[in-house]
Amino acid sequence: MTSRLTPYLLIAPLLAFIAVFTYIPILTSANLSFREWDFLTDAKPWVGTENYRLVLSSSEFWNSVKVTAIFALISVPLRLVLAIAIASYLVREALPQRLLRGALFLPSVTSTVAIAVVFSWLFATDYGVINAALAWFGLPKVYWLQDPQLALWVIILVNTWKQLGYDIVIYIAGLQAISPDLYDAADVDGGKRFHVFRRVTVPLVMPTTYFLLVISVIEAFQVFTVVDVMTRGGPAGATDMVVNLLYRIGFTLFDIGQGSAIAVLLFILLIALAVFKARVLGRKVHYEA
Amino acid sequence: MFDTLKIAAATSLLALAASAASAETTVEFWHSFSGDSGEVLDGIVAEFEAANPGIDIDAQHIGNYNDIVTKLQAAIPARRAPDAVIMEVTRYGLFADRGVLTDLTAYLEADPLKDELFDFAREVGIYQGKNFIVPFNSSTPVLYVNTKIFADAGMEEIPSLTTFDEILSAAQTVQAELGEAGISGIAAPGQFARWGLIMANDSDLIDSVSGEILIDAPNTVEAYQWMASLVHEHGVASVDGVTKENNGRDAFLAGKVGMMMNSTGNYRRSKTALGDDLLVLPMPCNKACAAPIGGAGIGILSTSEQEVKDAAYKFISFAAGAESNAKWFAGTGYMPINKNTKDQPVAAEALEGEPGISVAIEQLSVARGRPRPPVVTWMRASEYDKWQAMALGQRDVTETLSDFATQTRAEEARTN
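The listed protein sequences derive, respectively, from chains A and B. Just so you know, we're using this note's numbering here: the first sequence kicks off at 1 and counts up by one. Just so you know, we're using this note's numbering here: the second sequence kicks off at 1001 and counts up by one.
No lab work stands behind these hints: they were computed from the structure. No experiment lies behind these values; they were computed from the predicted model shown. Just to be clear, a hint being listed does not mean it is correct.
[Claimed, not checked] Taking lysine-lysine and the DSS-like style, the derived pairs with C-alpha atoms no more than 27 Å apart in a straight line are:
(1) LYS1386/B x LYS66/A
(2) LYS141/A x LYS1339/B
(3) LYS162/A x LYS277/A
(4) LYS1386/B x LYS141/A
(5) LYS44/A x LYS1071/B
(6) LYS1271/B x LYS1327/B
(7) LYS1071/B x LYS1386/B
(8) LYS1114/B x LYS1339/B
(9) LYS1130/B x LYS1314/B
[To be verified] Far from chain A, some chain B residues (derived; all Cβ distances over 12 Å):
(10) GLY1054
(11) ARG1098
(12) ALA1106
(13) ASP1115
(14) VAL1209
(15) ASN1219
(16) ALA1237
(17) ASP1240
(18) PRO1374
The C-beta atom is built at its ideal place from N, Cα and C for all residues, glycine as well.
Given these sequences and hints, build the entire structure.
And the structure:
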C-alpha cells in the first residue's frame, strides 16, 4: 500500500504548487470573465457572456490581436534564425566563444524594465543617442517611438536583443549533442559548409528548434513589459499587444471582468496554436539521429 | 528540574509582558514621494515617531499616483491593503464610493486642525458631503520659464505669457533661435497642465458642480487643438514629452527647454536645477483665469483596525499641522494647506527669499477643485492615449474628443 502511494506523495508538493499558482488562477480567471468586478467591492454579479461580447466587438481587441500576431510572425523567425547562426559560431569551446556566450546571455538575466528604460532613452527622438548619431552623419531625425510604422520594429528589436541569449544557449546545447562523426562523414563525402549546415545541422537540431518555437511563440503572445515601459501600446495602438490591452482594461480601467475575458481568449488562442504546431511541425521532428 | 522549568516559564511570561507593554501600533503608509520630496517626508515621519513613541509609521514609496491606484486594486481583494494611503484629489472618489476609505468627518470635526486648514484644502477632501482624505500636498500648475534660454533667444526681457498666442510666439522664437542647438521652445504639457490649459480656455473636462462631461465642449476641443499643435504643427514641443510625459520635465530640468507648465510641486527641483535662471509665472489666462487644484491627501483604509485608524489619523493630523506643512512647503514647493504655515520660520524664510515659490499661492484666487466622481479615475487613465494620438497628429482632435466623450458618458452610466 505504502509503495503504491509513494509516487503520488512524491509529486504531491509539486502538484499543489502548480494547482495554487497555475490551475486555480486559470479557473478563477475563467470564473471572473463571466462577472462584473472592479476589485474594490466583494460583489461580483454574474453577467453571462456580456464581457466576451464586449471584447469580441471591440476594435481595440482585434487591433491588439493583429499587432501581436505581426510581432510573433516577425520576431519568432528572426530570433530562431539569428540564434542558430550565432550558436553555430559559438559552439566551439574556445575563450572568445565562451566570453561572447556570456556577453550575449547577459540581457536574458537583466531586468526587462531596466532594458526598456535604457532603450527608450536611446530611441528618444530629440534627446536620444541614436538620432544624435544620425545627425552626426547629416541624416534627419527619425521618430522611432512616435511613428506607427516604426515603433513595432523598435519593440521587436529590443525584445530580440533581450531574448536572443537564451535561444543561443539552448541551440548551443542542441548543437553540442550532434555527434562529430556525422560531420566527419559529411566532410569525407565532400559536403560544402552550407550544405552540411542545411542537411546535417538543421535536421538534427529540429527538436531544439521545435522547443524554442513553442516557447518563443508563447512568449511573443505574452510580451508586456517592454511595450508598457517604452510605448504603452502607442502610438495610435501600433504596439498595443493583447497582454497590454488586458492589463489596461483590468488594472487601469477597473474592469476585471473584461480583462479576464481577454485572458481566457488568449489562453484558448495559445492552446490552439500549440495544437496546430504539434500537428503540422511535431511530425517532422525526430529525436534520434 | 521542576524549579528550572518554573524559572523558565516565569522569565518567558515577564518577557511577554514587557514586549506587550512596549508594543507599537504600526501604520503602513503608502505614498508617492521619492528623491528630495521623499527625504522631507521621511523627516516629518521621524519627527512624528519621536513625538509619539507608541506609533510606528511604516512609510513605503509605491510609485506615482497611478501606481498607487493599481497596487491598491491588487492589495484590496488580497486583504493586504495598507492602513493609510496618499490619494490624488480627483481619484479618491471611486474608493470612497466603494467603501474602501474611512469617513474621516468625525475625526476632523474633533480636531483643531479643521479650523486651521484653508477652505480649498478642506474642500478637496470632501466627497458627497463627507471627508475622506486630509490634504497633504496641494498644488496648482504654474508656468516655469528658463530665463537664460529666453535671453539666448533674444528675449532679455520676458514677454507677456498670458494668452495661448503669446506662449506660442515665445516658444517659436526659442525654437527658431536655438532649435539647432537641441533646445525646444516648450515642454509638451502633462495631464495636470492640460487640465489647467482647458480651464484657462474657460472650460473643463467634467463640470465640477453639475458633473456634466465637457470633453467635447467647443472650448475644450479648442484647448486640445492648441496643445496638440505645439507638437505636430508648430514643432515647438518635443514628441518625446508626449510618449513619456516626464521627459518634457526632465528636459526642462536639464536646461533643454524654454518653458514648462507643471505642478508647483516641481518648484524645488526646478530651482535646484536652474538656480537664478528659473522664473515662475501663473498659468495663462486665455479666455478665463482659472487653474485646477491638484495634489493629494491621505486617506485611511476602512479595513484597518480601530486602534490603527486612530494612530493613522494622528499622523495625518500631524502631517497637515503648521510645523510639518511649513517644512513640506519650503522643501518641495507644494502649497501651504494650513493657515498658520506662513508664520513658521522656515516657511516665512522661503516666502521672503524665493518669490517663485509663492506663485501658486497667489494663483489660488482663481483656482478651483476638480470633480471626483468614480468615472474620473477611468477618464484620466484613458486620456493619455487620446492625447498621444492627437499630439502626434495621428487622429483628428474633434473626432477623438467626440469619441472620448461618448465613451466617458457610457462608462459613467456603467460605474456610477
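Hint check:
1. As the CA atoms of LYS1386/B and LYS66/A are separated by approximately 20 Å, the hinted pair is consistent with the 27 Å bound.
2. Between the alpha carbons of LYS141/A and LYS1339/B the distance comes to roughly 51 Å, so the proposed pair goes past 27 Å and is violated.
3. Note on LYS162/A and LYS277/A: the hinted pairing holds, with a Cα-Cα distance of about 24 Å set against a maximum of 27 Å.
4. Taking the CA atoms of LYS1386/B and LYS141/A, the gap is about 25 Å. The hint holds against a cut of 27 Å.
5. With a CA separation close to 20 Å, the supplied pair LYS44/A and LYS1071/B stays within the 27 Å bound.
6. Under the criterion of a C-alpha separation no larger than 27 Å, the hint pairing LYS1271/B with LYS1327/B is consistent with the structure, at around 16 Å.
7. A threshold of 27 Å between alpha carbons decides the hint, and for LYS1071/B with LYS1386/B the separation of about 24 Å falls inside it, so the pair holds.
8. Taking the CA atoms of LYS1114/B and LYS1339/B, the gap is near 11 Å; set against the 27 Å cutoff, the hint holds.
9. Pair hint LYS1130/B plus LYS1314/B holds up; C-alpha atoms about 19 Å apart against a cutoff of 27 Å.
10. Even its closest Cβ contact with chain A, about 31 Å, leaves GLY1054/B beyond 12 Å, as expected for a residue assigned away from the interface.
11. Not every CB of chain A is more than 12 Å from the CB of ARG1098/B (nearest about 4 Å), against its label as outside the interface.
12. Even its closest Cβ contact with chain A, about 23 Å, leaves ALA1106/B beyond 12 Å, as expected for a residue assigned away from the interface.
13. Chain A leaves ASP1115/B outside its interface by the beta-carbon criterion, the shortest separation being 33 Å against a cut-off of 12 Å.
14. Non-interface call for VAL1209/B relative to chain A: holds, since the shortest CB-CB distance, roughly 25 Å, exceeds 12 Å.
15. Chain A leaves ASN1219/B outside its interface by the beta-carbon criterion, the shortest separation being 25 Å against a cut-off of 12 Å.
16. With a closest Cβ-Cβ approach of about 10 Å to chain A, ALA1237/B is found to fall inside the 12 Å limit, against its non-interface label.
17. Taking the minimum C-beta to C-beta distance to chain A, about 5 Å, the non-interface status of ASP1240/B is violated against the 12 Å cut.
18. Not every Cβ of chain A is farther than 12 Å from the Cβ of PRO1374/B; the closest lies at roughly 9 Å, contradicting the non-interface assignment.
Violated hints, listed in ascending order, are 2, 11, 16, 17 and 18; each of the other numbered hints is respected by the structure.
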